[in-house]
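Modelling step: build the complete structure from the supplied sequences, incorporating the hints.
Top to bottom, those sequences are chains H and V.
Counted the way the numbering used here counts, the first sequence spans residues 1 to 793.
Counted the way the numbering used here counts, the second sequence spans residues 1001 to 1399.
All the given hints hold, so there is nothing to weed out.
Heads up, incomplete: computed chain H residues facing chain V, CB under 7 Å, no partners named:
hint	residue
1	E717
2	L721
3	G727
Hints in this document: simulated from the structure, not taken from any laboratory.
Positions of the beta carbon are idealized from the N, C-alpha and C atoms, including for glycine.
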Amino acid sequence: MSRFMIRKVAVLGAGVMGAQIAAHCANADVPVLLFDLPAKEGPPNGIVTRSLASLGKLDPAPLAAKDRAQHIEAANYASDLARLGECDLVIEAIAERMDWKLDLYAKVAPHLKPGAVFASNTSGLSIGALAAGMPPDRRARFCGIHFFNPPRYMPLVELIPAADTDAAMLDALEAWLTTRLGKHIVRAKDTPNFVANRVGVFSILAVLRHTARLGLGFDEVDLLTGPRIGRPKSATFRTADVVGLDTVAHVIDTMQATLADDPWSGHFRTPDWLRALIARGALGQKAGAGIYRKEGKRILVLDLHRQDYVDSGGEVFPDIEDILKLRDPAEKFAELAAHPHPQAQFLWSIFRDVFHYCAVHLADIADNARDIDLAMRWGFGWAMGPFETWQAAGWQDIARLIQEDIDHGRAMAKVDLPAWVREREGVHAPSGSWSAADGVLKPRTTLPVYQRQLYPDRVLGEAPAERGETLWENGGVRLWRRPDQDKGIGILSITSKMHAIGDDVMDGILESIARAEVDLDGVVIWHEPPFAVGANLQQVAQACHAQQFDLLDRMVARFQQTALRIRHAQVPVVAAVQGMALGGGCEFLMHAAHRVLALESYIGLVEAGVGLIPAGGGSKEFALQAHAMAQRAAGGDVFPYIQNAFQTIAMATVAKSALEAVQLGFARASDDIVFNAGELLYVASRRARALADAGWHPPLPQRAVTVAGRSGIATCEMMLLNMAEGGQISAHDYRVARAAATALCGGEVDSGMQVSEQWILDVERTQFVELLKTEKTQQRIVHMLETGKPLRN
Amino acid sequence: MSRQIQDAYIVAALRTPVGRRNGAFRHVRPDDMLAHVLRTVVAQVPGLDPREIGDVIAGCAMPEAEQGMNVARIGLLLAGLPAAVPGMTINRFCASGLQAVADAAARIRLGEADVMIAAGTESMSAMPQIMGNKVSINPEIFARDENRSIAFGMGLTAEKVATQWKVSREDQDAFALESHRRACAAIAAGQFAGEIAPYTARSHMPGEGGVVRIVERVVQQDEGPRADASAAGLAKLKPVFAARGSVTAGNSSQMSDGAAAVLLMSEAGLKRSGATPIARFLAHAVAGVPPEVMGIGPVEAIPRALVRAGVTQDDVGRVELNEAFAAQALVVMRQLGLDPARVNPQGGAIALGHPLGATGAIRVATLMAAMQRDTSLRYGMISMCIGTGMGAAGVFERV
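Written out as structure tokens, the structure reads:
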């Protein structure tokens, strides 16, 4: 088989989804032609260019770096169809109308490149019916490719084969989506709404029904259906407002139209109150009002009894709050089912009906139970899928409770649980997950691409993950390796809470590197996200409280020493980064020999938020960078490079992606950016091996760094003075930022002076400790520890 | 009257249109703009032997990079003036263009020259950092409290002025709106046509087949004035320089590109070249004020210039008062009791733009055009505030 190569993608339809899919391809260095209708007025590509312009306004941002937009070319169906011949993959993402889609297919089919893959991003139309709209010789390379909104951030893509879809093509496409775009794939059957939306929309319908039945408030329900049960903060109704109430109604209508035989079909109708909201234009967030309405800082919620918006609040009944905190799921569900309070009845009911629905439909909609659970996690942000939640709570106990409710007419449909439910103790087992269609446990797919994922998301009940062989550990880190992988590469995992960096972690890193220099060829710093949230503030606060500033000075010195040890280790130390890498975490990764960054890495030096400056070598790194870049510039002035770094540090700017991290100077253009965080350890280990095999030696400490000095500090201070005089920053902000400027500029020496790396480290450490002595910085640290938020004082 | 041996007359004054920063003149160099106005102003007097030009004095507020290297000399050579003609660049920030006219006039009045050219050029597009391409502040500024205001940005000083003299946001916005209204009306009436030397801006773009595509665009009109400016639109803008301030992008001068040249002669020069004078240069004055309220500079400079000119404020029929900020312009007008109808009748820098060191010379061109149109206008004045705390004023008499 020839290599599956996608050199260019065409996206048909520049709506919200189409444009965002195009943006994500551009993030991944895949050039895109984005098509839509020719504009009736103005430039022919007007529809597409307007859509692209609005990408920049979306939050969270579809583009991982603004300049990626240049890789998306606007096109229209009237003049550019021939250019489809340049594209190896065509993703159709136009409105959900079968007739429109079929018309478009007929129009574009003659222009497709031979062998191009054509896939529809329909969220629920029949893939078989769409495939029939393609010429017969193209059907082998046609399938459904269902992204979730927002496509950059939602991991799930459902792949849906039609009858004639070529299996090898689908495998190759799955591999490409997984590695190149970083998506998590679930293979779905060609049934209406596929897997995630089928269950997810049913779940919303169940919430709607039981909210009405038990007379709960929408805000109350959102409190109950959010993080308390492992679902996103926007819970149910806020999510509906964000999605758009018209869209929600449309999806429900589609279910009504396409799932008439479903035993639950009687519930597939939009409630009258929701229709009324839509009728008067209260479509949710995009219309400024929906189920919720924002008035200044007040958030109002619709009250159905009063037919008006009232202050939102809502409370979880204390008993229920206690039940939800129970650690044992069996106990939790038993108590919810038994408790008479409407909130308990509500929660039990929504779980029961979703469990019931999934059990009955497992055979028709999915290959196995794992696919449903993972689809709900990846597509709807649930912490656990329905089957694993059920299984954790005790399979047969819950099954009995469900059957009782069915028998007494309390469940939403009077259809018995399938026989297999009673015959089993769960759906997930070490050897696989239950396939109701085939009556067997199905193991995970063996596609080669998944060998790159050493720790894939696991469902409850699956075989435990390989723990590896521990080489050394203390309370802060574990040095280990995987016997089934490269044994010469050690994995250094931070094990402290939130991966905060305290004494244990620093001791652990120093010891691990010392051991690696003897026994290993390279080290990868890797653990589940976050990479690290910075220094252990608790330790810092305690020392401040005890006025132990000498101790603090030694603590910072140790931080610096640890960073330098990472840089100057005799074996390559590769940082594998995903999630937040802030403060000290950022400084450590900046000192690594190489970085492998998940696209979704949020990196920054945020010390200013707690009234401090980067002093673990972070300020020094930017001074070094400025020196290196200035050497390439005529005149050799370092200040322009310092100025940008100063703004980044003074404003505690956090890069919102790995690409932005490179632009801001936290990472380098030569680092690896990995789109699928699951592949991070695999890639980082191989990078460490490659560095070792290429004859790694550490760089020497710099002894002659040109710094911006006193005039540089004064120039930064000019900006601060203007902001302070304009009331835009506080006196303490000024003081902190001036300290940052002092460190970045290498202290109060003359501009253009050459100093050693150690000199700059001494400056940043001195500035740091001086700030710690101030009352305002101490207040900021305490406030952060108590509230988790920065204090502006 | 100052002591002098002869009068200095303005014979011709021409300017480029003023482009918005990164607008029509985005890729036009300031030395090319200068060369253009020098060439066209000399061409106004066919009888002039260019070798008679005693000096070309050009004002520029950020004389570095594209406008560095003594841009006056570069510009005059690019304009094709004889190598025998010398040139120098001067800097008094926003008053540089007016200072150039004053210095050129002074040389004539002292008898050192019979023909002089004063000019100004500034491309703020070429200055991505408003304070110049390498900013480096003296640490001593922060060593003593009384020095700190040297480092105040211009917008901040406008806030200080607004606070100290209690200028409301509403008044500032109304002033800004009126500036746009007047400018648009003047453009519609063709009042700027006589003073503008249209400029053909050439863009060199990557074209098909590796060929550089040159796109020419003739710019003949100022880009700044907005016919769609509205009170509601201005009111929506957020303060830029202070958290609870009143100075916005809408009631501040625009950052711009432009150039102007003014041809001055003594009576002997007039005779030899056969030129007709428009106005006599009467007087010029500069004065210092505290840097933190630099915007009030004209309050000190204008009375001094009037005394030197021997005229009263009431005699002055037209004042071109640079609108660095509505706040400072309003305070200057209120403090001195200037008649709003006589100040900037064709709009000011809020609408027309403010290419720093060129503005003084540009407004001389505007005043000369007005004097040529309006024979009842006898005395006219140009004035502006200057960064780090100064004011300048020059008085002209129609002849």
